[in-house]
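Q: Protein chains in written order, with numbering that gives the first Met the number 0: chain A, 0 to 314; chain B, 0 to 304; chain C, 0 to 252.
In short, the hints are calculated from the structure, not lab data.
Virtual Cβ for every residue (Gly too), placed ideally from N, Cα, C.
Hints should not be assumed to be uniformly reliable.
[What the hints assert, rightly or not] Derived DSSO-like pairs: lysine-lysine, alpha-carbon spacing no greater than 30 Å straight-line:
id, chain 1, residue 1, chain 2, residue 2
1, C, Lys116, A, Lys309
2, B, Lys84, A, Lys309
3, B, Lys84, B, Lys186
4, C, Lys116, C, Lys133
5, C, Lys194, C, Lys116
6, A, Lys309, C, Lys194
[Said to hold, decoys possible] One-sided and incomplete, this derived list gives chain B residues near chain A with beta-carbon spacing under 10 Å:
id, residue
7, Gly99
8, Phe103
9, Ser138
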Amino acid sequence: MIRKLNLRAVVIATLLAALLLLPLYTSLTGDRFALTLFTRIVILALAAVSLNLALGYGGMVSFGHAAFLGIGGYAVGILSYEGVGSGFVQWPIALGASALFALVIGALSLRTRGVYFIMIPLAFAQMAYYIASGLARYGGDDGLTLQNRSSFAGLINPSNKVQFYYLCLALLLGSIYLVWRLTNSRFGLAVQGARSNDTRMRAIGFPTYRYKLACFVISGTLCGLAGILLANNTDFVSPAIMFWTRSGDLIVMVVLGGMGSLFGPLFGAVALLFLEEALSRITEYWQILLGPLLLLVVLFARGGIDGLLKGARRG
Amino acid sequence: MTLFIEQCLNGLQFGLLLFLLAAGLTLVFGIMDLVNLAHGSLYMIGAYFAATFAAWTGSFVLGAILALGATLLVGMAVEVIAMRKLYGRDHLDHVLATFGLILFFDESVRLIWGPAGLSLPLPSWLQTPITILPGIQYSAYRLAIIVVSVAVAAALYFIVMRTRLGMLIRAGASNREMIGALGINIKLLFTLVFGLGAALAGLAGLMQAPILTVQIGMGENILILAFVVIVIGGIGSIRGAFISAVLVGFIDTLGRSYFPDLLRLVLDRNTAATAAPALSSMLIYIIMAAILVVRPEGLFPASRR
Amino acid sequence: MAEPLLQVDNLSKNFGGIRASDALSLEVVRGELHAVIGPNGAGKTTLISQLTGLLHPDAGAIRFDGQDITQVPAYQRSLLGLARSFQITSLFLDLSVLDNVLLAVQAHQGHSFHFWKNARRDRDLRDPAMAALKRVGLTERAMQPAFRLNHGDHRQLELAMALAANPRLLLLDEPMAGMGPEQSARMVEMLRALKGEVTILLVEHDMEAVFALADRITVLVYGRVIATGTPQEIRANAQVREAYLGEQEATHG
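From just these sequences and the hints, can you work out the full model?
A: Written out as structure tokens, the structure is:
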């Protein structure tokens with residue numbers, strides 16, 4: 000047990016070191032593709048970290064998190080299109096919009112139980128998708144190209160690939176720290192209690208609705224942040240970013256990495272993108288392998304990668 | 000006026016189609032407590048089968064019948080191979096596993112039929128418009144969809160309410176142990192119900208095929224609408240699914256055609272034209288939200304669930 | 000005699016035609032361990048449910064520390080210092096043993112919108128939680144997930160959670176239910192240690208435990224109190240012997 004626990008620590012340390020040193024590697028080898036790929040991995044890991052807060056710690060199976068990616072991304076895209084290029088303006092608006100959307104759909108869906116909770120965020124995320132498709136001024140189905148990345152008055156230059164990568168990495172690590180603080184706080188304890196036994200929580204006097212809603216809003220806002228970064232990374236945002244299957248990808252990352260584990264979403268994001276790479280070498284039709292693999296993870300490895308590293312299975 | 004009647008019929012036709020899809024979803028949820036995201040894949044497979052079999056046999060009707068049988072078999076196979084292991088697990092497991100199935104089905108279709116879509120041509124007797132009222136003509140094919148869907152809905156109602164199978168289905172929804180105690184082969188029952196749901200989805204898919212193109216991912220779009228239907232109707236309730244499907248069909252169709260005009264009454268022409276497509280696509284979701292505020296369990300909550 | 004901490008006056012509750020509580024009155028005095036016994040169907044569970052606020056009486060009043068709490072909702076009763084342990088254990092099984100008790104302390108301390116400070120290291124939460132765990136002998140298992148514990152330890156944990164709220168009255172609903180002799184003996188020892196520190200109302204089937212622990216015993220039959228007194232008085236009471244103990248002795252041969 001102790002030895003395996005160390006294995007997990009070693010894996011985390013190695014992964015973090017690799018992420019920190021990546022730009023060094025790419026500048027030595029001139030491998031620009033690796034930097035682009037890893038910026039994407041880091042951003043999606045951030046989205047997965049945010050979903051893990053709601054799903055892993057709060058037990059809320061949100062099939063609508065891709066909507067926050069879209070809202071964050073579109074807020075930046077639209078403001079940039081309308082001539083507001085400053086990140087100091089764009090980002091707070093984007094985060095505020097994500098928080099507001101999370102508040103509305105959370106307030107509606109948390110009134111219901113069980114399977115309704117899965118379907119309602121899913122439906123509203125799809126609504127966001129159709130709205131974006133209908134925004135003719137901002138490209139409709141074809142999406143919107145960013146003329147410029149968010150500017151920060153020269154403090155950081157997001158157009159510099161290395162600087163942008165480190166910005167994303169810092170935000171990812173910051174979010175992991177935030178989730179760590181939150182989940183160990185009284186608030187986090189109450190949220191985990193509500194996941195574990197909602198009836199008992201209410202019996203001893205916790206208004207669990209409020210705690211779960213607050214958790215959902217924080218999670219959605221954090222995912223909006225990932226959306227901001229994603230739009231800046233690709234200089235482009237389109238409705239496809241929030242199609243519901245994208246939310247499925249995020250859930251897959253969280254579960255693959257290990258639900259309710261601090262570094263699980265990072266493992267999951269890295270593993271999923273590497274898996275894609277590896278499987279697509281075997282066959283062009285690699286999703287034929289990924290689909291059944293998911294089924295096997297569900298049936299036999301619910302703890303995900305983190306669970307395997309810990310040597311203990313959850314649930 | 001002619002246009003209005005036509006749009007109403009279109010709304011009805013779309014609503015009935017949604018019902019076929021939602022019925023399978025809600026039946027499977029009500030009885031097996033299973034959330035099946037891959038239901039849309041069965042819709043897609045029904046359409047692909049129909050296009051293929053119709054091309055082989057040279058007959059639209061024969062192709063459709065064969066496709067229906069084939070989708071039923073695929074559904075039963077999926078139940079035996081995968082779904083059976085998911086009963087009694089939590090909904091997250093269902094969601095993930097069936098999401099995996101979507102990837103599998105989409106990619107299998109790409110492998111077998113290629114990435115380009117197919118088309119399913121209509122026979123000439125279904126292409127000629129029919130005069131339904133003096134001076135008003137309507138697509139014979141869409142009318143056929145309405146007739147078939149209503150017949151299926153009636154048959155479904157009869158099966159669930161009046162037959163032994165239906166009694167078992169209703170008992171299963173409310174008391175799983177009882178069925179086991181009666182010595183009925185519950186495994187077989189579940190396989191049949193899942194197959195039935197698959198066939199209904201396949202029927203919806205193959206009937207929609209001549210109107211739209213048959214393509215990969217066609218099920219993913221409409222699946223969410225089917226979810227909206229059962230959330231509004233009350234998950235697990237066939238009656239609720241029927242009423243809410245027709246409602247959603249009407250609102251969506253009429254909303255898209257008339258909402259922009261309504262908007263022009265309150266907004267200037269340019270703003271209305273810009274906002275209309277986005278707003279009219281929001282319509283059914285806003286209605287869903289409004290219904291949930293008043294009735295969190297939908298219009299016809301299935302008992303106890 | 001000291002002023003009663005809990006006073007139940009003429010409590011009545013009907014279910015259809017059945018009188019589950021029939022003009023039921025009893026008093027629990029500060030500091031005592033008061034046991035309620037009675038044959039099956041005597042209305043013990045109905046009484047507990049009314050005391051905790053899960054059921055509302057048709058008539059009668061419940062006073063706790065001089066305050067009428069008949070209409071006070073369940074969770075507010077726990078804030079007033081009336082804690083219960085659940086007959087059917089309802090724990091946070093996937094959380095650690097310590098987290099279970101921390102949540103109970105937290106519930107007692109009010110709202111939990113503290114987002115930053117580490118609750119597991121917060122002395123205001125941790126100290127009472129660890130003290131409660133120590134009392135039930137679960138200190139060493141504090142970091143284990145609750146699902147690893149056996150049935151007896153689950154009951155101990157339930158008790159720790161009730162104690163953690165620092166209650167003035169502890170309602171124990173059949174704490175020995177489903178326990179083996181060894182586990183029961185451990186629970187009796189623990190209750191003996193608690194006696195005097197906390198006022199306890201104990202509903203229990205295990206006669207041996209009740210007579211070993213109780214200061215006073217109330218006997219219920221068909222929702223009515225037929226006798227209240229010290230264990231000696233209850234043993235000597237002819238009506239009780241007839242209605243209850245006699246039946247027990249008869250069945251035990």
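Q: None of the hints should be skipped; say for each whether it holds.
A: Structure-based check of all given hints:
At most 30 Å may separate the alpha-carbon atoms for a hinted pair to count; Lys116/C and Lys309/A meet this at roughly 26 Å. Our distance criterion of 30 Å between C-alpha atoms is met by Lys84/B and Lys309/A, whose separation comes to about 26 Å. A distance of roughly 11 Å separates the Cα atoms of Lys84/B and Lys186/B; the hinted pair therefore holds under the 30 Å criterion. In summary, the hint linking Lys116/C to Lys133/C is supported, as the alpha carbons are separated by about 24 Å, within the 30 Å threshold.
For the suggested pair Lys194/C and Lys116/C, the alpha carbons sit about 36 Å apart, so the restraint of at most 30 Å is broken. Of the supplied pair hints, the one linking Lys309/A and Lys194/C is violated, its CA atoms being roughly 43 Å apart against a limit of 30 Å. Using the Cβ-Cβ criterion of 10 Å, the hint placing Gly99/B at the interface with chain A is satisfied: the shortest such distance is roughly 3 Å. Satisfaction of the interface hint for Phe103/B is found here, the shortest Cβ-Cβ separation to chain A being roughly 3 Å, below the 10 Å cut-off.
Annotation: Ser138/B was flagged as interfacial toward chain A, and the flag is violated, the nearest CB pair being 26 Å apart, outside 10 Å.
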